[in-house]
Each structure stands twice: as structure tokens, then as C-alpha cells.
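Undergrad: Each chain is listed here by its residues.
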Amino acid sequence: MVEVKRKKTTFRDIVNKIGFPTIFIGGFWILLLIAGGALGISVITLLSDTIKRAGMNGILVLAMVPSIQSGTGPNFALPVGVVCGLFALVCSIEFGFTGWAWLFVSIAFAIPLATLVGYLYGRLLNAVKGSEMTIATYTGFSIVAAMCLAWLMIPFQSPNMGWFIGKGLRETIQLDAIGGAHILSNFLRFSLFGEKGFITINGESGIIIPTGMLLIFFICCIIVWLYFRSKSGIAISAGGINPKFAQSSGINIDRCRIKANVLSTILGAIGIIVYSQGYGYAQLYTAPLMMAFAAVAAVLIGGASASRAKVSHVIIGVLIYQGLFTTALPVANQLFEGTDLSEILRMVIQNGIILYALTQVKGGDN
Amino acid sequence: MSDNLLSLKNVSKEYSGNKVLKDINIELKRGEIHALIGENGAGKSTLMNILFGMSVIHTTGGFEGTIEIEGKEANIKSPHDAMDYGIGMVHQEFMLIPGFTIMENIKLNREITKPNLVSSIFGKRLETLNIKRMNEDTRKALDLLDMDIEEYVQVAGLPVGHMQFIEIAREIDKTGLKILVFDEPTAVLTETEAANLLKAMKKLAQKGIGILFISHRLDEIIEVADAVTVLRDGEHVATKNIEDTNKYEIAQLMVGRSITLDREEGLNRNIVDETILDIKNLHVAMPGERVKGVDLKVKKGEIVGIGGLAGQGKLGIANGLMGIFPAKGEVEFKGKKSALNDPKSAIKSGMAFVSEDRKGVGLLLDESIESNIVFSAMQINNEFLNNFGPVKLKDSAKIREHANKMIKDLDIRCTSSMQRVGSLSGGNQQKVCVARALTLNPELLLVSEPTRGIDIGAKKLVLDLLKQLNNEGMTIIMTSSELAELRSICDRILIICEGKVEGELPPDAPDAEFGLMMSGSGNGNSEGREA
Chain A
1281 MVEVKRKKTT FRDIVNKIGF PTIFIGGFWI LLLIAGGALG ISVITLLSDT IKRAGMNGIL
1341 VLAMVPSIQS GTGPNFALPV GVVCGLFALV CSIEFGFTGW AWLFVSIAFA IPLATLVGYL
1401 YGRLLNAVKG SEMTIATYTG FSIVAAMCLA WLMIPFQSPN MGWFIGKGLR ETIQLDAIGG
1461 AHILSNFLRF SLFGEKGFIT INGESGIIIP TGMLLIFFIC CIIVWLYFRS KSGIAISAGG
1521 INPKFAQSSG INIDRCRIKA NVLSTILGAI GIIVYSQGYG YAQLYTAPLM MAFAAVAAVL
1581 IGGASASRAK VSHVIIGVLI YQGLFTTALP VANQLFEGTD LSEILRMVIQ NGIILYALTQ
1641 VKGGDN
Chain B
3 MSDNLLSLKN VSKEYSGNKV LKDINIELKR GEIHALIGEN GAGKSTLMNI LFGMSVIHTT
63 GGFEGTIEIE GKEANIKSPH DAMDYGIGMV HQEFMLIPGF TIMENIKLNR EITKPNLVSS
123 IFGKRLETLN IKRMNEDTRK ALDLLDMDIE EYVQVAGLPV GHMQFIEIAR EIDKTGLKIL
183 VFDEPTAVLT ETEAANLLKA MKKLAQKGIG ILFISHRLDE IIEVADAVTV LRDGEHVATK
243 NIEDTNKYEI AQLMVGRSIT LDREEGLNRN IVDETILDIK NLHVAMPGER VKGVDLKVKK
303 GEIVGIGGLA GQGKLGIANG LMGIFPAKGE VEFKGKKSAL NDPKSAIKSG MAFVSEDRKG
363 VGLLLDESIE SNIVFSAMQI NNEFLNNFGP VKLKDSAKIR EHANKMIKDL DIRCTSSMQR
423 VGSLSGGNQQ KVCVARALTL NPELLLVSEP TRGIDIGAKK LVLDLLKQLN NEGMTIIMTS
483 SELAELRSIC DRILIICEGK VEGELPPDAP DAEFGLMMSG SGNGNSEGRE A
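If you read the protein sequences in the order shown, they are chains A and B.
Using this note's numbering, the letters of the first sequence correspond one by one to residues 1281 to 1646.
Using this note's numbering, the letters of the second sequence correspond one by one to residues 3 to 533.
In isolation and in its complexed conformation, chain B is listed as follows (with noise of 0.2 Å):
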């Protein structure tokens, strides 16, 4: 009817309450190239579970809005039902088995019988495989992408690049494949292997196939894609040609906020021309935030942002810092050489950590708050403890004291310190982490993600109380996927892709540099910058 292969119309979605997405409208043409970008949050995943039937949209209610493949609503309520519409989708973490070769994995449970003795007997599911048919299949596949590997080779072992494109046969192998999803496919690619997964992109959307490429790569969009379209915080902020536009454009478009926080300019600002932490060259193995090489100075005094986008490597750096996943590298703290992969000393030697994960690693949930404060200074610094001999009990009375007043000065909301801290509300909980930090006396703090699952109100609370100890003399890393709340507090703010230090911005840049930066391609504007 129309040439539109795919269209959402006003398509909304609320989680108990809370709008994550507000009338997006994107149309996909016949071989189009549609890029989709925006920051963690913005409402990509979302859009994608809608667009799959994933059960996650439908046991919250569903959502609001159509979906129109070649102008008919289509009602996708499975994944299955969205194969069924000829929607596929590349996976950014691969979902092949090892020990199949590159045909088992291409043709799984679509595999091509022919019926047998026993199959007559016994039913369907004993047919024999025709292998044949499938490696001609697969071999089709395979040729459509220009890759010339042998279709019986086992998939253990392959560069994660042939991965990728075994991942993309699969999906062109199944027939009527109309529409194919990328989800930030050259996040784990090399180079050269990305671009020649564009330039597959493109050799499939020559077929006719529409594609929706998601990335937060810039450059990659401009070069390979027709249009874009911009989310953030669950809004359709621009949709866009390609020729009219730039990626400087379309990095302000999603960095800009409609929401900012203020920044007010701390009155005695006493940050003292000695550096502190000094970090050479610095590896962590954390997964999925895997850090490749990063230099860091920090002076006496500063409060330094780390931003970047999901999975750059970001949180990182403070992990492996403090010892919690393994790292090497040279870092000198107070003009120590500091041990690494070894947390007991890094906080004994004045380093106190507020995790990004404070469910997983911040809290006891099930202890009360006051063990919660005291558990660290305890363990660390053998402090609140009783001694009779070689045997060190808890000195309950001091703890409660300690205790009592750290639920006064971070103005913790709760009955008593012997709450359970898992019956706090998330900004009370960061308190408690916070307050933990902060009885280990230290001298340099490191806080990851101090706001996340934090209401608003809560949030302005925690981050005035880093502010109040940043004045009180305390140097303060903070590590955060919200540059509006790193650039209300910090001094300056280091942007983190692919592992290492991409730039470095005061917190007044303009929107546009950050973004440019944070999608990787700031080096190019860093003359635009310093003029």
C-alpha cells in the first residue's frame, strides 16, 4: 500500500505509574537505514520490548499506541508473533551455541526433514535432517554477507566479528524477514569489523529489508543511516534526515535537558594544589565496564565527574580502585604507591567506596542500619569493639551513639538505628552506604552513582551532602550516568568511551561537546573547544 514497512504511531508506555516513553511516532521504509540514539534510559529498550511482544510490556499493563507493518496493525503479543511479522533482531550479546557448527546455529529448530521409517511411525519430530538443503541454505546466508568461512566450522573459538554476522545469517535465513533490528552491534567489534557490518547493513537494506539501528556511535550513524531518531527521557525529540543534519546536531539533541539541575558555585572552594590520586594507566576486568588504560590526576580538595555512557567503562575505574574486581596498573595515593586487587589496604590507606550496585554490594539488607554504619570501620579500623584479651566483641553502646548521630547529620529517615535498612526508601539507603563511607574517616571518597533509583527530592538531599563534604575538605571522585547532576556539583568532568579518557569538560560546556565526547567522537571538535 504505502511504502511505510513499519510504523508506530503514539506509542506510550507507563511502569506502575511512571511514563517511560510519550508518544513516539517512527516510520521505517523499504530499505531504509533508521538509526535510533539516546542516552541509557532514554527509552531504546523499551521501544524495542514493545516492538517484540515482550512479556515484560504485557504483564505492566501493555501500552498505548499502534504498530502498522505495511500499513495493517499488527498485535504482537510474542516474540514469536513479531518472527511471524518478519521482525528480527541481532543481539548484542551473541545467543549462539559454541558447540554447534555455523549450520546447527543458522538453522536451529527451523531445521529441513525428510521423512523416515521411523518418523512415519513415531511422528514429525523424528525426521531425518536434510543436511544438505541446510548448508545450501546456510551457504546462501552466509555469501548474501561476503563471508567466506565453511558452513560445518564450530562456532567455539570464532572472532566475535563472525559472530555477529553468524547471528545476522541467522535472522536473513529465515524467510519473509522484512524488518531486522541492531542492537548496538559494533559495541564489541573491531574496526575493521565494523565497518564491515555497515557495509552488510547496507547490501541488506538494497534488498529491500528495513533496518532499526540502534548505537550511540555518531559517525556510524551519519555514515550508514537515511534517518535518525533522537529519544531522551522517553520523548521522540527529532526525527531527522541524515543529509540535514550533522553529528553535532544530533548530539545536542540528545544531550540537552529540559530539566536541569542548578549549579551554585560552592562558596569556599579550598581545593589545594597537591595531587592526591595519581592513576597511570589503569586495567579493570569488570564486566561489561571493562576499563583499557586510563590517567588520572586528582588535587587535594576537587570533586572530579566520570560520566559516560553504559557500558564504557566507567564504574570501572572506582571498582577497581577499591580492590572489588581485578586491576593493574600504577596508581599513587598521597604519594603512596597503592596496592591494587586488595581492598582491605586501599581502605585502611584512606579510600572509602559508595557502590553503584547498593543492593548487591552496599548494604546488609536484612542487618539493621547501625551494623550496616559500622560494619567497615569495624572490620578495618577495629574500631566500636570491646577488647578482653585476643577476643574483640561489639561494643553495642558505642555503635547505637555512632550510629544515632549519623542518622542526625545525613537526616536518615527511619524509626531507629536497629531498622532493618531494607525497609528504607532508596535515598535513605544511599544514606546508610554514604554514612558507612564517611565512619571509615577517609580522605578521598569515591561515589558511584549516588542518585540512581533515587526520587528527585532525595536526590538534590544526597548530592547537597556531597557538596557539604567536599567544603569540609573531603576530595570526592563521583562517578554518574547523569551529566546533569555531575555538572552541578563537579569540577570538572572526565567523559569515559570504550574503556578509556575520552575528553575532559568543564561542567559549563555546551550540551553538544558532551555529547560528542560521550558518543566517541569528541577528538574532532577538540579544537572547536579550546578556541
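So that you can see chain A by itself, here it is in the shape it has in the complex (with noise of 0.2 Å):
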């Protein structure tokens, strides 16, 4: 009786400890793998799939963790960091750069812009505390929108990128023109399973792993723990948790919340170039609307919560959350042939998560 009720307190304590959602969802994904095996798809292929995408928002979904920790909340203003690093990506294409050289220009010119728009973006924060959340998600959707006029009116001259007819940006960029396409995700890429044994270098078939896209991501998981390690790190979780606290130890607020998240806009500038070259593509216009709300649901899904995030919170969110669209696609349409029940599907768990963790925020810590 007595062994019984213990072993119960045990799982309890497990589910406690990784999160109800994490565990549901992440369940629900393992479901979704074994219904899609048993439909005739490639389960190989749709954990080849879940890697690559998960390499590919991997530091988007970093870009959550400081301002989390720093108390403004997850970063629904993801997009401005995005059109930071769409611009620097066209202005490296415009400068004529290809290959590795394009990819480090990009990123090189990246970091300060994103810099100084986040300080700016920082400095709004301050102002409005207290509804950060909100705010942030207009700035997100107001600068999208002043940026589709700038696609349009910037005067690039560079074939690569223009309309064929008229002026102004096309609204998706191949990066196959200038060399940029997939160069981290093939950078020692090897895959396993394939055809031609267990690990095959550069290999087509089989779970491909994109080694060069994982460890820019690893090396940014590696950065942001590093970072808040830091004496300045440590600040800024201590004003995040409490204000009150933080300030009677002398420590700037203001200055604590900047920096988070100026750190996260150059996380968000440098994930939309690893997002776009591992897509292929870079996508102009109203592409990054959106962004922000699959990265913050992909981190709450890992076990972070409006107020406390992790940067383990961020590998497993980002791998679940990925994992769950990429399977649930075709084996929706599989199921339900001729329906977009897996748009609707992905909506609804996406929408569904951000709603609940802000429901779990625990008030009267401003």
C-alpha cells in the first residue's frame, strides 16, 4: 500500500518537475510518429524533417530566453529582430557577396543594427511597463509593416533580388543565386540510417544531420547559458524575479532590461539568416508577421513559463514543437485527404500553448 502510494508521488514529482504541456505534447508527437508509421510514411524521414527545422528556429526560440529572464516577458517583438537580419542578409546580397563570405557579412552587419534597434526597442520597453506583452506584439506587427514599404522602395540594384518588372524587393529571395543556400546546413553534414550503412558523409538519405546549422545553434545555447552566468546575466534574472529586490541591491532595472533585450533582437536578426539558408530562401514582406508566435509556443512547450526560461527549456520546446508540425502534416493529410485539417491543427496547439502559459503567470511581481 504503502510502496503504491509512493511510486505515485513519483510520477507526480516527474510531471511536476518537466511540465504537464511538455509531457502531453511531446507524448502527443510520439502518438503522431507511431500513427504515421503505421500509414506507410517514412517515420525516418520526418525525423530528418523535425532536425533540420528545429536547426532552423533553434535560435529564434533562443532569442526568448533573455527577455523572459529579464522580466518583459516572452519576446513577441521577435520580428523586429527579424527584419534586422532580413536587411543585413539583402545588404549583403546588394554588396555582391556570395558563399561564406554573404553568410558572414550578413551576420557581421547584423549584430549592430540589431543592437541599436533593440536598445530603441529596449528604451520603448521601459516606458511601458507593465504591458510589455502587448506592446510588444504591435511594435512586431507596426515594423513588418513599415518594413514592406521599405522592401519596396529601397533602391538595390542587384539582379538577384528585384522584381522583373518594376522596382523593389521580391518577396522570396533563392538563395541558390548567390551561394547561400543550405551552406551551414550542408557544412559537414552527414546523415544516419541511409542507404549506404550506418553514417554516410554527406549522405541524401536517411536522418540528415546538418552539423553546421546545429553548431551555430549549440554555440548560441552555449553563448546565452554562458551569459547568464555572468555577473550581468545574474542582474538581469534578479530584476526579472524581483524588481524590488534587485534595486535595493543597486543594481539599474532599466539598463538590466535593455540589454536583454538587445541581446534578443541579435539572436532574432541572427536566426532569420540561419533560418532563411537552411530554407533556401529569404522571405521579405509580411513572411516574419508571424514568427514570433511559433518561437514563444515552442519555448512554453519546452517548460518555460512568462517569467523563468532556460536555455534547456529552448532545445527541447523548439525539437517537441517542430517535431509535432512536421509529423502532424502528413499524417493529417494522410487521414484526411483533401483537407487542410493540419494548418487548422498546428493554429490551434500554437495559439492553444501561448494561451495557456500566459495564464499561468503569476501576478504582483511588478
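Fair warning: there could be bad hints in the mix.
[Unchecked claim] Pairs of lysine-lysine residues, derived as DSS-like cross-links and limited to a Cα-Cα distance of at most 25 Å, are as follows:
hint, chain 1, residue 1, chain 2, residue 2
1, B, K361, A, K1297
2, B, K346, B, K302
3, A, K1524, B, K396
[As the list claims (entries may be wrong)] Chain A is faced by these chain B residues, among others (derived, beta-carbon under 10 Å):
hint, residue
4, L128
5, N321
6, D344
7, G362
8, R438
Keep in mind that the hints were calculated from the coordinates and are not lab data.
Quantities reported herein were computed from a predicted structural model and do not represent experimental measurements.
Glycine is no exception: its CB is placed at the ideal position from the N, C-alpha and C atoms.
With the hints in hand, could you dock these two chains into one complex?
TA: Here you go:
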């Protein structure tokens, strides 16, 4: 009797530790994988796609950590960072860089740009304490709209980016033309369980591991992890948990919040460059509009709350979230032929998760 | 039946096994002003919560004893019941809507209406307001209070004195009002406003309304009340007719304690004749604890106590010095002018603060003991860090070592230095706060309410710790609501009243003098003290 009871509490402890939504969504993903296998869809392809998409989205999700830790909530203004990254990326193309040079110049230009914009955005957040998440959402929407104009008006000449008729930049820019597509993904790429054996270098079948892309994701993870063990990072976390405590220890909270949002914006900018090369296309205009929501949902599924997030939440979250949707699409298409149910499912789960997490925010910390 | 309007008989109340009220008996006659006095935590608010049937009483198991109104047992289950029985309350904080006129505020939710076409179809809620009759009613209530202000004036922008009167007017406008409770009504008023209020109270009493007057201003009580009941630590100490007593006796009854912490003289007191802290005309805008011009000199090696009732500003002093609330004035620390409104420079100059708000300001409850202990030192003094060029990462080994030393030195009861602070007991949380302050190696330690919310055994440990630190040469300013603990360790005690220093007493001064000073009537007796 006693034994049974103890076992029960341990199970509950595990659920509490990982978090119910994480386990529920993770379980659902595994269920879908099994269903997919039973329906004759290649599980290996599904896993391969999952890893690819997780690598593409990883840094964008990581951008949530600094802003959540600083107490400004999930960075719903991720599009701010994203357009910085896109702008750096198109500038790099315009100046004629190709291949690796294009990638490095894009990132090198994105960082100072995102720092400046992130600083201004941080100032804005400090002016609207208490309603950061709402303001962030609309900041994101506004900047995407403003940039729609900019993409049209910008006097860039590169034939790789312009419309065939008229002025302005194309909606999707193919990165093949400048040798930028999959440049990171193909770096040290190998595949597991392919046709040619357990591990194949540069393999095309099996579970393809985009080593370069994953590497840069993990490097960013380590940097963020280290940063939150540094003096400045600890000050940001303390200011996020208990502003009064931090203030009484002589910490300038407003500056901490600005620092965190600068970091978040930079990660958003780098994230979109990595995303674009993995996708093979850079998407301009309204494409970044909803990017924040997927990233917010991913970090929350990973176990973060709207006031506390760790790097581990990012890694778990991006895997489960992207896994769920890469798997749900083909499985749903098999089950309900000719319907767009998977997209509906995606919206329900993505927004449901955000809604759930926001209801869990404990008030009174401001 | 009898002359008694309200009688509380043997009223007791427990909060989870902790008796906060023991056998209180109060009788209020028609037309009587009955004062209720006691220190903070004496049980005044609990008693009022019972009288008004507040839900906090019923959700924690109700109370014992009976309440009788006009000789009949009353069963008050909610504030609404209390209103039906004719009990009204004038709140300390005004519950008025600024954008409404005086009449609208007074008549809110008790509007007089007349039917119209729409309401005959859709019901009573849509009836037209009878502005004329409401204005007449309001006029009557205002006239009773000698207020010559127009009833259609907006409340916003009126002086606080007027707002207080509008609150009273609202209560007396209610039909069938028999008992009116005033909860420290003069705390926010100027002297003339307060005098007017007392006059109004007398006038109301003459109309046959029974008044319960909660106040800690002894002079007012002597002036206006017919009888006074003193509460102390939830016990009914005495009820006296005002003619039979004086403020000296009331003060003594209020402060005198059955349990006292013994004072043992420190063996090696090493007070140096060197002023370490010199405060001149300090003003602090801490909400609810405003400081309005305090002068204080502290000698090196002293333990200075700051006492007084809640809301008088004693807590504001330390918070102002540490830059947590906006402050102005002149502060010299160690002979150098100290910048106000800058927590960082205050900590850097050698001051450390243990806040009265342990859970709010003092601790990161979800973080480990060790993170809490080293946090300030790491941020301000760059300790416990490993430097890699410009990158400063925390030095976990050093942090662990220091935390373990503190845990041992201060005897913090915990499973390890990694334990969450939120899961510690109150006394141990307090020790973590002290440990964080000590990690800064301060020369001056400011401690506010060090024993709030911790049990009696832990209290002694915390006080002993402060004494021990003082013996090792640290200067301490301790702010506390508990006079007994100030008297047990301080060299001298300042009593703060209305944001200013009311006076200074040695710890062995008689109870009554402390009581008088806390009530703001210390100056009258100062000659007696010197003698």
C-alpha cells in the first residue's frame, strides 16, 4: 500500500518537474510518429525534417530566453530582430558577397544593427512597464508593416533580388543564386541510417544531420547559458524575478532590461539568417509577421513560463514543437485527404499553448 | 431595553491555533464616544473585522463570544448584515470616487429614483434619478456636520479634511445608523481639520449615535471620549471612564508587557566618540511611512533603536538612507557626504540593509541560499567572480565555500546551500538576509523589523546575533515595532511620530514614557523625564 503511494508521488514529481504541457505535447508527437509509421509514412524522413526545422528555428526560440529572464515576458517583438537580420542579409547580397562571405557579412552587419534597434526597443519597453507583451506584439506588427514599404522603396540594384518588372525587392529571394542556400546545413553534413550504412558523410538518405546549422545553434545556446552565469546575466535574472530586490542591491533594472532585449534582438537577427540559409530562401514583406508566435509557443512547450526560461527549455521546446508540426502535416494529410486540417491543428496548438502559458503567469511581480 | 447600544461579550478569535483576541468585553452606550487604543497587533483590526462580519473571520473558523445590539443577539455574517444592523464605518483611507460629485458619492448605490416609461417595461434598474431629493438629503447630512460646501462639487481636488467629512456624511445619510466606527480618522488630517472632526463626533454623539473611536493619539482621546478600552496583545487590559484616568496611565497600560525580553548588558561595549552617521533634515517619500525631517547622529559602535507606531515613518528612515525610496536631506557617513537615492553608492560606502519586507525586497525566494547570500556582494563589489578578460562569470566554488561558512556561523538550518530560500522557515530566511548584508562587510548595518513573523525562539537568536556583531565592532541601527526587543539590545531608542523624531529614551525608561511618545504627546512630559 505504502509502496504504491510512493510510486504515485514520484510520477507526479516527474510531471511537475518537466511540466504537464511538455509531457502532453511530447506524448502527442510520439503518438503521431507511431501513427505515421503505421500509415506507411517514413519515420526516418519525418525525424530528418524535424531536426532540420529545429535547427532552422532554434536561435529564434533562443531569443526568447533573455527577454523572459529580464521580466519583459516572451519577446513577441521578435520580428524586430528578424527584419534587422533580413535587412543585413539583403545588404550583403547587394554588395555582391556570395557563399561563406555572404553569410559572415550578413551576420557581422546584423549584429550592430540589431544592437541599435534593440536598444531603442528596450527604451520603449521601459516606458510601458506592466504591459510589455501587448506593446511587444504591436511593435512587431508595426515594424513588419513599415518594412513592407522599405523593401519596395529601397533602391537596390542586384538582379538577384529585384522584381522582374518594376522596382523593389522580391517577396522571396532565392539564395541558390548567391551560393547561400543550405551553406551551413551542408557544412559537415552526414546522415544516419541511410541506404549506404549507419553513417554516411554528405549522405542524401536517412536522417540527415545538418551539422553546421546545429553547431551554430549550440554555440549560441552555450553563449546564452554562459551569459546568464555572468555578473551581468545574474543581475538581469534577479531584476526579472524580483525588481525590488535587485533595486535594493543597487542594480539599474532599466539598463538590465535594455541589455536583455538587445541580446534578444541580436539573436532574432542571427536566427533569421540561419533560418533563411536552411530554408534556401529569404522571405521578405509579411513573412516575419507571425514568426514570434511559433517561437514563443516552442519555448513555452519546452517548459518555460512567461517569467522564467532556461536554455534547456529552448532545446526541448524547439524539438517537440517542430517535431509535432513536421509530423502532423503528412499524417493529417493521409488521414483526411484533401483537407487543410493540419494547418488548423497547427494554429490551435500554437495559440492554445501560448494562451495556456499566459494564464499561468503569476501576477504581482511588478 | 437597556442603555447599551452595542455589547461585545467574551469575544475571542483564533487564527490557526494562534489566539489573537482573548475575551474582549466592550459596552457602548447610546450617545457615548468609546475610544479603543492599543499598539499595532493588539487586535483592534481583528475586532473591527468581527464587528463588520468580514469574510476573513468566517473563512478562518469564525469567532467565539456574542455581539448584542440593543440587547438582542446579532448575527453578523457579512458587511451587508452589519449595515442592516445600523453599523457604519469611516475608513482611514477614503473610499470615494474622485470624478463623482459629493452627492453622487454619498448616494452611490442608494440612489433615490422615480419610475419612467422605460423602467415600467425594463424594470427598476432603469428608473430616473431623483436628483432634487438626493441633493436635499445630502444637504441635510452636510449641514449636520457644519459643512458649507455645495453638494454638486466634484470630490477630486478637495482637501483631505473635506473627503473625511464626506465619508462621514455618507454614513449618517444611511437611515437607521446607530453605531459609527472611526478608524484612526485624524491620522491624515491637519490640526484644524482634526479639531473640526472631533467637534463633529461630539455632535453626532449628542444625536444618540454610539461612536467607537480607534486612535493612538492620547490627547484626542482625553478630549473627546467618554470611556476608553485598552487592548494589548489581544487581551482586554482595562476599560476606564475618562474622568477616572489620565494619558499617562493609558500610555502605561498600552505599552506595559507581561512578557519582556531580558536585557543583559554587553560586557565589552566599545562605543567610540566618533560620529559615523550624521543625518540632517531627512525627508523620505515612502508610501505609508513618510519621513518629514529627521535629524540623527550615530556614534561608531552603537546600537541605535528606532521605534514608533506603524505609519509614523520609522521604516522610512532606513529605506531612505539606502535609496530604496526617494529621499532628500543631508547625510554624512564616515565624515563624507553621502549621495541619496543611489542604492549602489550607499552599499559601496559601507552600509548594508536588512529590509523589513523580507519576502518582497529581502530575498529571491525561488533561488538558492547561496545565490541570495552572495548576490549583492557580487554585483556591487565584484566578488565571487572569475574574470576572463571583460567576461565575469560566477565562481561557484568560492560561492559555495562562503555560503557554507555563513550557514555555519549564523546557524542557518537547511539541507544544503542549494536549498530554495522560499522553503526555509521565517527565522532562517531572516538569517539569510542578514548573511547577505554581512557578505558586504558593512560598517553600518541597518536592520528593519528583524523579528517580524518569526517565532519567539528564533527572535532571540536573531537579536543575539545582532549583539554579537555589535561586539565585533559593527554599528547597528535597528528599526522595530516591538518596543521590547528594542529595549533588550539598544543603547538608546528614538521614537518616531508623524515623520519626525518625537524624542529619545534610554532603554530602561518607564513604559509610560514610551507610550506617551509613541502617541505623540511626549513633549509635555519631557521635564518629568529629565528629573
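Undergrad: It remains to establish, for every hint, whether it holds in the given structure.
TA: Structure-based check of each hint:
1. B/K361 - A/K1297: holds (24 Å)
2. B/K346 - B/K302: holds (22 Å)
3. A/K1524 - B/K396: Status holds; Cα separation ~22 Å.
4. L128: violated (35 Å)
5. N321: holds (9 Å)
6. D344: Hint holds; B/D344 Cβ to chain A Cβ min 8 Å, cut 10 Å.
7. G362: holds (6 Å)
8. R438: holds (8 Å)
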